[in-house]
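Asker: One letter stands for each residue in the lines below.
Number of protein chains: 2
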Amino acid sequence: MMTMLPPPTQMVLREGYCEFNYGQPDPDLLPVDALRRAAAMALDTFGPDTLAYGAPEGAWPLLAWIQERTREREGVTVALDECIGTAGNSDAIDQVCTLFTRPGDVAIVESPTYHLGLKILRDHHLDLRAVPMDESGLRMDALDATLAQLGREGKQARLVYTIPTFHNPTGVNLSLDRRRALVDRAVRHGFLILEDDVYRELAYDVVSPPALFSLAPRGVVLRMGSFAKSLAPGLRLGWINCSAEQARRFADGGLRDSGGAPNFTAAMMVAALCRSGDFDAHVARLRAAYRERRDALAAALARHLPEGCAFTTPGGGYFIWVTLPAGMDADAVRHAADAHRVAFIPGGRVSIDGRGRECLRLAFSLMKPAQLEEGARRLGAAIAAAA
Amino acid sequence: MMTMLPPPTQMVLREGYCEFNYGQPDPDLLPVDALRRAAAMALDTFGPDTLAYGAPEGAWPLLAWIQERTREREGVTVALDECIGTAGNSDAIDQVCTLFTRPGDVAIVESPTYHLGLKILRDHHLDLRAVPMDESGLRMDALDATLAQLGREGKQARLVYTIPTFHNPTGVNLSLDRRRALVDRAVRHGFLILEDDVYRELAYDVVSPPALFSLAPRGVVLRMGSFAKSLAPGLRLGWINCSAEQARRFADGGLRDSGGAPNFTAAMMVAALCRSGDFDAHVARLRAAYRERRDALAAALARHLPEGCAFTTPGGGYFIWVTLPAGMDADAVRHAADAHRVAFIPGGRVSIDGRGRECLRLAFSLMKPAQLEEGARRLGAAIAAAA
Chain A
1 MMTMLPPPTQ MVLREGYCEF NYGQPDPDLL PVDALRRAAA MALDTFGPDT LAYGAPEGAW
61 PLLAWIQERT REREGVTVAL DECIGTAGNS DAIDQVCTLF TRPGDVAIVE SPTYHLGLKI
121 LRDHHLDLRA VPMDESGLRM DALDATLAQL GREGKQARLV YTIPTFHNPT GVNLSLDRRR
181 ALVDRAVRHG FLILEDDVYR ELAYDVVSPP ALFSLAPRGV VLRMGSFAKS LAPGLRLGWI
241 NCSAEQARRF ADGGLRDSGG APNFTAAMMV AALCRSGDFD AHVARLRAAY RERRDALAAA
301 LARHLPEGCA FTTPGGGYFI WVTLPAGMDA DAVRHAADAH RVAFIPGGRV SIDGRGRECL
361 RLAFSLMKPA QLEEGARRLG AAIAAAA
Chain B
388 MMTMLPPPTQ MVLREGYCEF NYGQPDPDLL PVDALRRAAA MALDTFGPDT LAYGAPEGAW
448 PLLAWIQERT REREGVTVAL DECIGTAGNS DAIDQVCTLF TRPGDVAIVE SPTYHLGLKI
508 LRDHHLDLRA VPMDESGLRM DALDATLAQL GREGKQARLV YTIPTFHNPT GVNLSLDRRR
568 ALVDRAVRHG FLILEDDVYR ELAYDVVSPP ALFSLAPRGV VLRMGSFAKS LAPGLRLGWI
628 NCSAEQARRF ADGGLRDSGG APNFTAAMMV AALCRSGDFD AHVARLRAAY RERRDALAAA
688 LARHLPEGCA FTTPGGGYFI WVTLPAGMDA DAVRHAADAH RVAFIPGGRV SIDGRGRECL
748 RLAFSLMKPA QLEEGARRLG AAIAAAA
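Here the protein sequences line up with chains A and B, keeping their order. Sequential numbering from 1 applies to the first sequence in the numbering used here. Sequential numbering from 388 applies to the second sequence in the numbering used here.
Bear in mind the hints are in silico, worked out from the structure with no lab data behind them. Misleading hints may appear alongside valid ones.
Short, incomplete list of chain B residues facing chain A, as computed with Cβ under 10 Å [stated by the list, open to error]:
no.: 1; residue: M398
no.: 2; residue: R401
no.: 3; residue: E406
no.: 4; residue: N408
no.: 5; residue: Q411
no.: 6; residue: A426
no.: 7; residue: A429
no.: 8; residue: W447
no.: 9; residue: L450
no.: 10; residue: T464
no.: 11; residue: A466
no.: 12; residue: L467
no.: 13; residue: A474
no.: 14; residue: L505
no.: 15; residue: S617
no.: 16; residue: A619
Since the model is a prediction, treat every value here as computed from it, not as a measurement. The beta carbon of each residue, even a glycine, is placed where N, CA and C say it ideally should be.
Using the sequences and the hints given, assemble the complete structure.
Answerer: Structure (structure tokens):
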């Protein structure tokens, strides 16, 4: 019967294709052995507690580890009651919408942005407004124009959803000045900042810039951290840093009051894994592997992309963002790309305002350096063919 | 630092208390060894797939097992695309609200009902209406009156949330006639039935009655199944049986499109556990243990409750529902109960229409027979003291 089943995972790779389109980790880099040890350790250490309803706030042994790491790596002191466990950032976005928004509320998003995050906001019937980015992240002049426009409509922004660090899809970091400016706007206009900080651990050159959460008064920023990229997405585990009052709103909500901690058994296993030292070792391995891949893809793109193309070389995360020669549309390249068996995400798919049609997103996380080189060669040929 | 942490689980037991108030499994009955084997088996069998983003529909190896079991145990044939994985019934209720309701929609609930389920419905700003129960479950005459009242208000019911099998808190089963009648009303009035079927595996005398889902045309009933009671709540794993179209709505939603299967790693472990035979062995052990506890508590209540008290003896599930002598209020008994170090949930807490104040909910899942006997003795003394 197993042979009749669809594949268990989201990712369906096509034979012979170079798949730049999946923002997913290489299966060879998933911590299978560490998880095997962690499962046994959690059940040995915590016994049946591992399997009971977890505290609504999350698995305390894991939250305490997150607190410690945040202090050590970011120099940021977060109280234990300013952290709430989540089932990953998708769950976090979903729950923020349920508990902190109402249908029709205005949510400002970046253009381009993480397109599947947008789908969650849409499921909650939010009124989405796009603000463009440049090489320093979200443009403050454009944000101010949007806020002014909302004022003319008699509306207020309820939240800004942003990926300020190793942005998906562009790879850029929001500059420190703009981080401060964004927090300032949030305070003055009374909106929440929903900070998607999923790539923080994957910094390849220097340390990641300070989180918006660390620059703002409590209550302004909900910072979503996750183990999806630093360990494994299937665990569905993350956390939110916020004010103690906001954390209580999550913990007191029906979902957590009824079901307890999201994904508690997995959280206890990850607590064991993190406390064993396996987390640090794994992240070091990931950084080395992805740094090599980023460098390999950047070098290959420099060699193979036709004249007039440009691309970002991000300091971390999963993505390189390519801009095609003037007048070209990434959708048109897709057809040629298919013939060359190379896949990517066209920029038009990851924005809601028509921007980015001349761009495309390449994930370098999934493929090994030789495949990335071959993919870049095929992509160059496809662009040339479509020109 | 660990010693400074709050307890990791929801349940905080008070020394020397008889805690009838937790509808939670006895930690000694949680499958620690089976889960240890399952974690290793899943990682051996499925390798890195265990840790990747799961298919949005859920972990197929687990969904296929659920399909098989539903056919074997219930004689019900469900297509593979009529099942969607969830992170337990709390998550299922939450997602049904997000994807199938809008704020202000009318949700009909039983009085009394599972009070924490109500909190989830409230977080989604639904307009809750209570319909009373009797010893055969939800009263159809009262449901018809509520539907007629809604008609006069120019409103329609969007959903009925019901626990027809081994009801929480009353322990009763909805009669077969009423099951058919409820489905009939749903078809005629166009509302969804949200069937909370979490206690199905815990049948102590005869097999569980047919699920509403099995009696209805597809699209009318969303049946929520769960491993919270049959294995372990901390896993946060369950499923919904529904129409293929409804299943697609879940799978295509932003949350699953972005994050993949809820709680995927745990789901793959449970798939391994179920396929190994450990599930059947565990459930058989649970049935024997809880049957003994139900019998012990029922016998002890018969001995210790003052005259004028009545109680249900359920065929399954976790709860016995006690009715106090005429004129007594369960809230008043609570104070006396505290002095006797026995705890329960007063009926007024589990209804929204003021009914059930003369009742109280006792969970027999957590304590062993001797503790149940002692608890019944204390409860009897507390009621006598409060009379």
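Asker: Look at each hint and say if it fits the structure.
Answerer: Outcome of the hint check:
Interface hint at B/M398: satisfied, since its Cβ lies 6 Å from the closest Cβ of chain A, which is below the 10 Å cut-off. Because the beta carbon of B/R401 sits about 16 Å from the nearest beta carbon in chain A, more than 10 Å, this interface hint is broken. Taking 10 Å as the C-beta contact cut-off toward chain A, the hint placing B/E406 at the interface is violated, the least distance being around 14 Å. Annotation: B/N408 was flagged as interfacial toward chain A, and the flag is violated, the nearest CB pair being 13 Å apart, outside 10 Å.
Taking 10 Å as the C-beta cut-off, the interface hint given for B/Q411 holds, the closest approach to chain A being about 6 Å. The restraint placing B/A426 at the interface with chain A holds, with a minimum CB-CB distance near 3 Å, inside the 10 Å limit. Annotation: interface hint on B/A429 holds; nearest CB of chain A at approximately 9 Å, less than 10 Å. For B/W447, the interface hint holds, since its Cβ comes within 10 Å of a Cβ in chain A; the closest pair sits about 4 Å apart.
Residue-level restraint check for B/L450 holds (minimum Cβ-Cβ distance to chain A is 8 Å; threshold 10 Å). At a threshold of 10 Å, the smallest CB-CB gap from B/T464 to chain A is about 15 Å, leaving the interface hint violated. Given hint, B/A466 at the interface with chain A, is violated; its Cβ is 12 Å from that chain's nearest Cβ, farther than 10 Å. Interface restraint check for B/L467: the shortest CB-CB distance to chain A comes to about 8 Å, inside 10 Å, so the restraint holds.
Because the closest C-beta pair between B/A474 and chain A is about 6 Å apart, less than 10 Å, the hint holds. Because the beta carbon of B/L505 sits about 7 Å from the nearest beta carbon in chain A, less than 10 Å, this interface hint is met. Look at B/S617: its Cβ only gets to about 12 Å from chain A, farther than 10 Å, so that hint breaks. Using the Cβ-Cβ criterion of 10 Å, the hint placing B/A619 at the interface with chain A is satisfied: the shortest such distance is roughly 4 Å.
The structure does not agree with the numbered hints 2, 3, 4, 10, 11, 15 stated previously, though it agrees with the rest.
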